[in-house]
Each structure stands twice: as C-alpha cells, then as structure tokens.
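Hey, can you work out the whole structure from these sequences and the hints?
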Amino acid sequence: MTWLDALRDWGPVAALRGPLVALFDATDTAVLLYFLVINTSYLVLIVLASLEFTHHLRRQPFAGLEDAASSPLTQPISVVVPTYNEEVLIVPSVRAMLALRYPEHEVLIVDDGSTDATFERLAAAFDLVAIPRVVPQDVWTKEGVTSVWVPSDGRTPLVVVRKANSGRSDAINVGINAAHYPLVAIVDADSILDPDALLVVAKPFSDDPLRVVATGGVVRAVNGCRVVAGRVVDVRMPKELLARIQVVEYLRAFLLGRTGWSRARSLLLISGAFGLFRRDVLVESGGLDAECIGEDFELVMSIHRRMIRSKRDYRVVFVAEPVLWTEVPADRNVLGRQRRRWHRGLWEVLWKYRGMTFNPRYGRIGMVALPYYWFFELIAPLMELAGIVLVPLGLVVGAVNTEFAVKFVLVAYAYALLITLAALAVEEFSFHRYARWRDLGTAVWASVLENVGYRQMTAWWRVQGLWSALTKRKQVWGVMTRQGFGDEALERTSVGS
Amino acid sequence: MSNGRLLVADDDRDIRDLVAFKLGQAGYEVQAVEDGVAALDAARENVPALVVLDVMMPGLSGVDVTRELRADPRTASVPIILLTARAQEADVENGFATGADDYVVKPFSPRELVSRVQAVLARRGQ
Amino acid sequence: MTGAGALATALVALAGLLLALALVTAAQRAHRQRGERLRALAAEPVRPTLIRLVAGEESDVPGAVEALAGLDSRTWAAVEPSLEGLLLKVKGDAHAAVVAVLEQRGSLARALARTRSRSAVARAHGAEVLGAAGRQAAVEDLLRLLADDDAEVRRVAARALGRIRSTAAAAPLLEAVSSRRPVPPRIIASAVMRIGVGAHPALVATLRDGDTLQRAIAAEIAGLAGATAAVEALMDALLHDPQVEVRVRSARALGRIGMPWATGHLIAATGSGQPLPLRIVASRALGDIGSSDAVPRLSELAADAHHRVASNAAASLLRCGAAGIEALEGVAAAPGGEHAREALAMARLRGIHSGTSAPALGGSR
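Protein chains in written order, with the numbering used here: chain A, 1 to 497; chain B, 1001 to 1126; chain C, 2001 to 2365.
It should be emphasised that the hints constitute simulated quantities derived from the structure, not laboratory data. Do not take every clue at face value.
For the chain C half of the interface with chain B, some residues (derived, Cβ under 7 Å), not all of them [to be verified]: (1) Leu2011; (2) Val2012; (3) Ala2015; (4) Val2054; (5) Lys2089; (6) Ala2096; (7) Arg2144.
Derived DEER-like restraints, expressed as beta-carbon distance ranges [as the list claims (entries may be wrong)]: (8) Val37(A) - Ala2004(C): 45 to 51 Å; (9) Arg1044(B) - Gly2106(C): 45 to 51 Å; (10) Pro2277(C) - Asp313(A): 17 to 23 Å; (11) Phe376(A) - Thr2009(C): 51 to 57 Å; (12) Arg2180(C) - Asp28(A): 52 to 58 Å; (13) Ser152(A) - Asn1046(B): 29 to 35 Å; (14) Arg1124(B) - Arg2180(C): 55 to 61 Å; (15) Arg433(A) - Val1105(B): 28 to 34 Å.
Here's a subset of chain B near chain C, in silico, CB distances under 10 Å, partners left out [to be verified]: (16) Arg1005; (17) Val1033; (18) Asp1102; (19) Lys1106; (20) Phe1108.
All values derive from a computational prediction rather than experimental measurement. No residue lacks a Cβ here, since even glycine has one placed at the ideal position from N, Cα and C.
Here it is as structure tokens:
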C-alpha cells in the first residue's frame, strides 16, 4: 500500500471522490467536444491564414508601392500619436514618422498633459511655435485643446496639440478632430513603424476605395532587436524568456487572430498600437469610447455595427505584413496588468455588443466571429484553469484514470505546440525576418517552454481580469515602464539637438 | 584629377552604386552611404564639396538631413541636390525652402544628374 | 479503454506532425539561405558590368551588353531580377541600354509569352516587365490583361500601359474604372497621367459621355495633368453635372489648371445653396487660381460657419495677391476671423507675403 492509497482512504479525500467522479462523468463529453472544436477552429484559421499569406506574398513584387509612393492621388494620412510622458523616445519617434515613405502625411502628436519633458524636447528639437489653429469639434471630447504648435519653418508636416490629461482614448479623439486628412492612422508613441508601413496599410484603401473603411497590419515585438534612428535594422530574439515567449505568442496571434479572420471577412480586432481608418467613418462612430478599456476592439465593433445597420458594403482589412514593432513587457507584474486589462476589455466589449451575437442580421460577424470570441477567447482561460485544478485533484483522489489524464494533457499541450510551430513555419516561408539559426532554435524552445508555467500564468491573469470586470471594480490602467530600445542614434548627440 | 569629394546618400544599393560610379567617372571622389544618419555623420566629419541626397530614406529623410546640414555653420553652405520620386509641387517647394540647391526626379538619367552636379558646383565656384 | 487508445494514437500523430513541421521549417531555411548565397555569388562579379551598363557611357555600353549577353544561364537567372528592377529606376540612355540587354537575352519575348500563362502571378510578372521596358508592341496584350479575371493582374496591366505611354490605351483605361472587372481609380489616374497630352482628347470625351465614375476620374486627371483642352468641359460639368462627385472634382481640376476665366464659375459653386463638399473644394480652388476677382467672395467665405470652407477660403486669400492679404487682415480683425488669423500665422512662419505658390498645409484637398 503506497502513500497515495493511504491518502485516498483518508476521510475528507474519500468524501471528495464521489462528487468529482460525478463531475467528470457529467462533463467529460462536453470537455472533449470543447477541446475538439477549439482546436479544429485553430486548424481552420491556420489554413485560411496560409492561403492569405501565399496569395499576398506571390503578388508582393507587383504591389506597385513605388507607384503609390509617388502618386498625387494616394490619399493623404494624418498620423495621430497620443502621447503621455514619453520624453525618452518622442523625438526619434517623430523623426522616424516624418521620414515614413508616403506622398503626403502629417504627424499629429497629442500631448495628453505629460508631466515630464515630452513637450519641451519636441519644442527644442523642432523649434515649435504656437499658432492660433482652429480645431473643429467633430467628435465629442472630454478635454479641449489648450494650444497648437508647429515647427517654425511652417513646412515640416508636424503638429503638436496640447491638452489636459484625460487618457489615451480621449487624446485620440482630440487627434481625430485636429486631423487634416481623409485617412487617420492611430499609432502609439512608443512603437516603431517600418519605413513602408503607411504605404502597405493604405494599399487596400486605394485598391478598393469605395468599400475599405479600416485596415491594420502585423505587430511584432521589438525587444532584442537593434534599433537605429527609430527604425529596426536587425531583427533578433530578446534575451529574457518572458519576452521570447511573447515574440512567439505575437507571431501566432497575428496568424490565428487576424490573418485567418480577415480572409474570412470577419475581422473584429485591429491592434490599438496601429490602425488606419477613414476619418469620416471615425467621426460618424463618434471616435473612441473613452469609458471602455478595450477601446481598440470597441472601435472596430462600433464600425461593424454602424456599417451593417446602415446596409453599407464595406470592408475591414488586415494586411499580412509586418508594419509595426512594439516593446512587450519583460517584467512579470507589468505583463500581468496588461493581460488582466486585455481580458477585462474583451469582456466589456463583448458585453456591450451582446445584441449582435447570434444575430443573423450581422452575418458572419454575429453568427461566427462573435460567438467564437465568447466561447473560445473569453472562456478558454477558465477552462484551462479548471483543468489545472481539477485534473491533479482527480488524480489524487483517484477519480480519473491516471494514464488517460496524462495522455490527455500531453495531447493538449502537443497540439498547442503544433499551432505555434505552424506559426513559426509560416514566418519562415513568408517574411523570415529572424535571420539567425540560433533565433530559430530559441523560438522553438520558447514555444515548448510556453506550455510550462507561462500558459497557466496568463490563464490566471485573464480569469482575474474577467473577475474584476464582473465585479465592476474600478479600472486600473497598466503602467508600462520603458526600458527604451537602446536606440543607437539616441546615444549620440548628433541627431535631434 | 580630382574635383573634390562628393557625398551620396541613398538606401537603394543600385542607385547608390550607379550614382557613385557615374560621378567617379566624371572625375569626382565619392563617398556613398545608405541612410540619413550616416550622411549627417559623414558630412560633419569631413565636409564634402557637394551632397546628393535621396528624399525618402528611412529614419531621417533627405529633407531632414538638408535642414540639419543648413543649421550647422560648418556645413551650412554645402551645395545639396535632392533625389526625389515625387515631382509634386509641395515637395519640390519644401526641398528648396529647406535649402536644397537643385533636385532630380526618379527615375532619373545618370547623365543628367552629372550635368546638374557640375552646374551646381560651377555656380558655387563663381 | 478506447478513449486512452484514441489519445495514444493522437499523441503519436501529433509527435510526428511536430517533428515534420520542425524539419520542414529547418529545410526551408537551409534551402532559402543556400539559394541566396548562390545567387549572390553568381551575381556579385557581374555587378560592376551592370553598373557600367546603366551608367550609359557610350564607350562602355557595347562591351557591357556583350558581356551580359554571354553569361551562362545560371548567372543570368541571378542577374535578371536586378536588371528588371533597374528598368524602373533609370530613364534615357541608361534605360535603353537595359532594354537592349533584356531584348537580346529573350527576357522580353518570355514576358510576352507569360501574359498568356495560366498563373495569375506569371501574367502579372509579364505585364510588369513589359511595362517597365516601355514595349509598344505589347499594348494589345496588355489591353487584354486590363480585363483579366485577377484584380492584381488588371492593376499591373494598367500601370504598364501608362508606362508605355500608349495613346491608344487612354480610352480603354478610363473605361476600366467602372467595367465589370474594375481597376482602382488611383491606378487608372496615374497611368493616364503618364500617357500625357496624347490622352487629353480621351479625357474630354469621357468627361462629356462617360458614366459617373468615369466622369469623376476624368475630371480629376484633367486637373492633375493640367489639361487646358478640358477647361470648357470642366466648367460645364462644374455647374451642370447631375452628380455632386463630378462637380467637386471638376472644381478641384479647374483650380489646378489655373485658368483665370474659371473664377466666375467657381464663385458660383461656393454659393450657400450648393452642396457642402463642392463649397469646400471650390473655396480652395479659387486660391489655386489666385485671381483678385475672387477676393470679395473669399472674404465672406473666410468667416463661413463651416470649418473647412472657412479654413480653405482663408488659405486661398493668401494666394490672391496683395488685395487678398489685405482682405484677409480685415477678416482677421473682425469677429469670426479665427480661420483668417490661423492662415496669417502660417503665412508669417513661411515668410510668404505674396502668394508665391500653394501652401501644402491647409489640407482637405
């Protein structure tokens, strides 16, 4: 008789066995079904995404970006950058944004009441002067504009709008009002755009000008990369395990979560870090919902709802090309806050738009995409967490067959690994931005390690986020502590003074 | 014979090599770099007789480089020719307003570029 | 237990798949890197010849052409993409030299054959090369591709026809904007603009007889191309076209062309009973023309209730000579003159005090 048998005979444990056996018996078919459906859907999305990548890549040489870059008919873009306390990065970021390849664009910095030297750095670098600019109130905003500044040469297409602090969404809404041009790109100040980013995400607007209302592109993790003058010049894997796993996570998320869905014409999410929108559509939708945590998700949902309700033929398009690099949290606490916030946002938006779910009027969005988000994106961490608790418990109590449980867990993790490796393979066949063999090895290893600890940790944070949403606790914005990209041009004094 | 050192900045290797070769043939000593930051560094380290700058370079555009060069007393008077893919009046106007001496629209004729370099240098030499 | 059995099978299958995927990924990487290395190895020694060719010095070209014509097929395969790329980067003698080499190596004949390929990617590639090389002889084939099933092929064909500057392609290009298999307006516009003066008769005809989309795009191109021949038709369209979109684009075009006698028509288009988009564009177009006749009306518009109308009118006044600036200062001093004050502030920054040319800021084109 082993210690385990002794434990199982112990009163309280023995008492648990009955209910647990009943629970497993009642749910095992459902759990198995859930498992099958979620994994099959991943498979379908991967196939869709691969089709999209193949299509996109084979046509890339004839995309005519050069032509678009020099055409007077390419629609001009206002790049709106909500900025709060970004003194370290703001000047090189703005320079890089001004140098983006595009026929006509303005960079519109909305200084959301920064308390550091963000504005002073900008004012010094670009010799800003105040002008009596008239900003229309096309979108309602909490805070108004206090002053508008432009470079003293009167030509550099940079506008700095100052206002009292009222949060990212409200700052973006102020930016939408101040934007001059028919297309508005929303970009975070800390992100790094590829030189062709605007051309790439604007292409659907010129290919299908009557229908396209919003586009987004692939976001990648910048950690570990070499950055010079606000531009990624050498793509590498980061050193920290946490960041490495996120690199792989981003690759997979954009493959599964965006490319596949866009191919199925039911894209629900454009990354908040970078999206391009028609200004009139933003104005019609009333801009961003400042009360909502998942404001980027909310915006796209609001556009979908408005367009479908007014029976317009429209498209929200995802471009399967890396356009933006962002710093992912290397610190566990920061990551936890981010994930709690994301999941809370997911809940808030799904709840706000619950009327669209399973509503045939909203077509694929209502019947497929939204239910998918409810059942898989929202519930998945709960299921995962339940599994983490119940399976070991069932094993201890003897309510589940050990061999079966071990195999089930192995299959589940092997499948997850398969999805991730598929994402790595697609990256290798398409963009292969990670040039070193060592980085490939690191990525595979990170994909394995993701299943041990990281997955469980994020599941826990996501459940926490869901809980705080349901209990309506006050929203807490995650504070991102920046390490900076180690921009090599930043360390020299030559540029920007 | 050498007519003085010229600096060429373009992120497109074909164009960089072509311009460097063509100007080399015309008797100039040429230094070629591939982005705006490198162009600024090179110009500050050793002031060239003339600079040929691509306008659309990632990170720091040709117009930005022009502005920085004009702001620095050592390089304020270096002649600058911009290479641009955009022939729009606003861009041309901006280039001249920032202090460029001439511009050449891409796709360009290598011969024409050399003539313009010679003309700008001759005007400055007077 | 069957459940465990099924799981065991699944586990074995998954392990196999994982291994296969890892191997395929690694193999792809090795294959790609080897290919790149070999191509670079083959192409690098030829590069100086390539540069000599495009540098276009008369004494160098024949030698370079001969050297490239004599390359073995593997080296040529590595060099060909660079040459095709160079076609779009140079013009004049340099361009002609590259075309001569591609001709000699049979690349252009192959490109022509590719326009009949079953693969859309091959058809697009063929069209791209023929366009970049400026092949007049390919116009017929490219016109056929303008109605291709694949949208990307149609776009490439339209761009290619523009690069070839074929006058005969102007009318079909303008029709393609609203055909059953359409080509995006921006691409049509660039192509027709490249064709130049030869396309102007087709523009005028389309402006009078085309459908809504065709008339709108014809008006837009006429403006960008400075087609003075189209001014009469544009003035007609500005006041009488049934579609607002066509009227808006005609207003913009008249501004861009800049004939002072269009001023009266444009002033009429800013009337308070006119559609808002038309008023916005017309108040800007008046500044593009810059006639002092527009000053009284622009002064009223600079204090208009609508943001874009007022801001465009204020910017326009700056460009109507001394009378315009004087009027603008008057508006700025009066109540409701915030747009005028903004325009004056920007003008001071730029050091403009007599309307030299179009300030790019001021937006809403």
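Now the hints, each set against the structure:
{"no.": "1", "hint": "Leu2011", "in the structure": "violated (48 Å)"}
{"no.": "2", "hint": "Val2012", "in the structure": "violated (49 Å)"}
{"no.": "3", "hint": "Ala2015", "in the structure": "violated (44 Å)"}
{"no.": "4", "hint": "Val2054", "in the structure": "holds (6 Å)"}
{"no.": "5", "hint": "Lys2089", "in the structure": "holds (5 Å)"}
{"no.": "6", "hint": "Ala2096", "in the structure": "violated (10 Å)"}
{"no.": "7", "hint": "Arg2144", "in the structure": "violated (27 Å)"}
{"no.": "8", "hint": "Val37(A) - Ala2004(C): 45 to 51 Å", "in the structure": "violated (21 Å)"}
{"no.": "9", "hint": "Arg1044(B) - Gly2106(C): 45 to 51 Å", "in the structure": "holds (49 Å)"}
{"no.": "10", "hint": "Pro2277(C) - Asp313(A): 17 to 23 Å", "in the structure": "holds (21 Å)"}
{"no.": "11", "hint": "Phe376(A) - Thr2009(C): 51 to 57 Å", "in the structure": "violated (25 Å)"}
{"no.": "12", "hint": "Arg2180(C) - Asp28(A): 52 to 58 Å", "in the structure": "holds (55 Å)"}
{"no.": "13", "hint": "Ser152(A) - Asn1046(B): 29 to 35 Å", "in the structure": "holds (30 Å)"}
{"no.": "14", "hint": "Arg1124(B) - Arg2180(C): 55 to 61 Å", "in the structure": "holds (58 Å)"}
{"no.": "15", "hint": "Arg433(A) - Val1105(B): 28 to 34 Å", "in the structure": "holds (32 Å)"}
{"no.": "16", "hint": "Arg1005", "in the structure": "violated (19 Å)"}
{"no.": "17", "hint": "Val1033", "in the structure": "violated (17 Å)"}
{"no.": "18", "hint": "Asp1102", "in the structure": "violated (17 Å)"}
{"no.": "19", "hint": "Lys1106", "in the structure": "holds (7 Å)"}
{"no.": "20", "hint": "Phe1108", "in the structure": "holds (7 Å)"}
This entry does not satisfy hints 1, 2, 3, 6, 7, 8, 11, 16, 17 and 18, going by the numbered hints stated previously.
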